[in-house]
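Colleague: Next come the chains, spelled out residue by residue.
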Amino acid sequence: MTTPRDNLLDRRRAVVELLRERSDLVVVCGLGSATWDVAAAGDHDRNFYSWGAMGGAAMMGLGLALARPEETVTVITGDGEMLMGLGALATIGVRAPGNLSIVVLDNRRFGETGMQESHTRLGTDLCGVARACGIPHVLEASSMEEVAAIRDALHRPEGCLFARIAISAAEHERVLPERDGAKIKDRVRAALGLS
Amino acid sequence: MTVTQTWQDNVYDALKAAGVGIVSYVPDAGHARVINRAIGDAEMEAVVLTTEEEGVALAYGAWLGGGKAVLLMQSSGVGNCINMLGLVQSCRFPFLALVTMRGEWEEFNPWQEPMGRAVPAVLEAMAVDVRRAETPEAAATLTAQGAVDAFGQDRGVAVLFSQELIGAKKW
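Keeping their order, the protein sequence lines are chains A and B.
Residue numbering for the first sequence follows numbering that gives the first Met the number 0, beginning at 0 and increasing consecutively.
Residue numbering for the second sequence follows numbering that gives the first Met the number 0, beginning at 0 and increasing consecutively.
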């Protein structure tokens with residue numbers, strides 16, 4: 000791990016805290032670092048890891064939340080992946096299922112491709128977008144205490160949640176989960192009682 | 000008022016019979032009847048999208064949870080789905096789309112023609128089966144068969160409703 004140049008949160012610590020005592024949480028990971036972070040926090044048969052389909056994580060979460068209202072669904076993704084599917088926040092805001100949370104790990108960079116500055120560095124306020132789209136519950140975290148509050152909100156939803164965690168741009172070693180998409184999909188379905 | 004069962008009602012009934020529980024859409028006049036049936040159906044989730052690729056990801060998420068979704072779009076929307084369709088192959092996700100065609104019959108707007116012409120090639124390039132309905136009877140039958148094949152065999156199926164079937168847009 001490189002030395003952070005600021006006092007922002009470490010992404011791996013933040014995700015470990017988000018998934019502490021996760022119970023039956025179903026997690027949809029966004030492409031790239033968010034998938035490595037969730038894998039690093041511990042493999043789980045309720046994790047859907049993404050190796051492609053950038054921009055689709057939030058909508059996958061919505062589909063799962065609508066199909067299974069009794070399950071608690073959390074999307075964990077990065078700022079670049081969320082920005083590619085920003086319209087999804089408008090679509091999610093219309094229906095805003097209470098069993099869906101979207102957590103964005105925001106390092107304000109495209110981390111997988113050379114740390115180029117993203118729109119969140121250059122002006123876009125993701126929480127402002129989420130509020131403007133009608134998502135009823137919006138949280139931000141820049142301390143581990145605030146991450147813990149988001150973690151608790153995942154399990155006691157006060158309506159559909161959008162949360163942004165301000166993370167450092169420090170890079171970690173990649174932790175690579177299963178790469179076979181059919182296996183990843185079938186494992187989640189089996190964990191949810193489907194064949 | 001007499002309510003007449005249209006071929007679009009038969010399409011909707013075929014979706015219901017196949018167990019489809021989520022209808023996502025970017026509106027098109029040719030899909031208006033099916034969209035309104037979905038909105039008016041308490042047992043159906045009707046999800047309006049900002050762009051068609053959202054509906055592809057939504058369908059994958061639904062299937063993760065055991066749900067069946069269909070994406071309704073116009074031919075121009077197929078181009079917005081391309082990269083997201085990759086998971087039909089890489090994850091063997093089922094995918095079902097109903098596509099109303101523009102740019103192929105009595106089309107007033109020439110800007111509709113390029114994407115309309117490219118629809119079959121684009122879908123086939125992403126391993127989505129293309130079936131074309133040119134009659135009212137075929138529309139419902141191909142929808143029913145497409146749902147069986149998509150959800151029963153973990154395949155991608157798109158049913159194209161020809162512009163002649165839908166009728167040209169009135170200007």
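Incorrect hints may have been included.
No more than 30 Å apart at the CA atoms, straight line, and that leaves these computed lysine-lysine pairs for DSS-like [stated by the list, open to error]:
no.	chain 1	residue 1	chain 2	residue 2
1	B	15	A	182
2	B	67	B	15
3	B	67	A	182
4	B	15	B	168
Because the hints were derived from the structure by calculation, they are not lab data.
Colleague: So, for every hint listed, does it hold in this structure?
Modeller: Now for the hints, and whether the structure bears them out:
Between residue 15 of chain B and residue 182 of chain A the alpha-carbon distance is near 29 Å, which keeps this suggested pair within the 30 Å criterion. Taking the CA atoms of residue 67 of chain B and residue 15 of chain B, the gap is near 10 Å; set against the 30 Å cutoff, the hint holds. A distance of roughly 19 Å separates the Cα atoms of residue 67 of chain B and residue 182 of chain A; the hinted pair therefore holds under the 30 Å criterion. At most 30 Å may separate the alpha-carbon atoms for a hinted pair to count; residue 15 of chain B and residue 168 of chain B meet this at roughly 28 Å.
Hint compliance for this structure: every hint is met.
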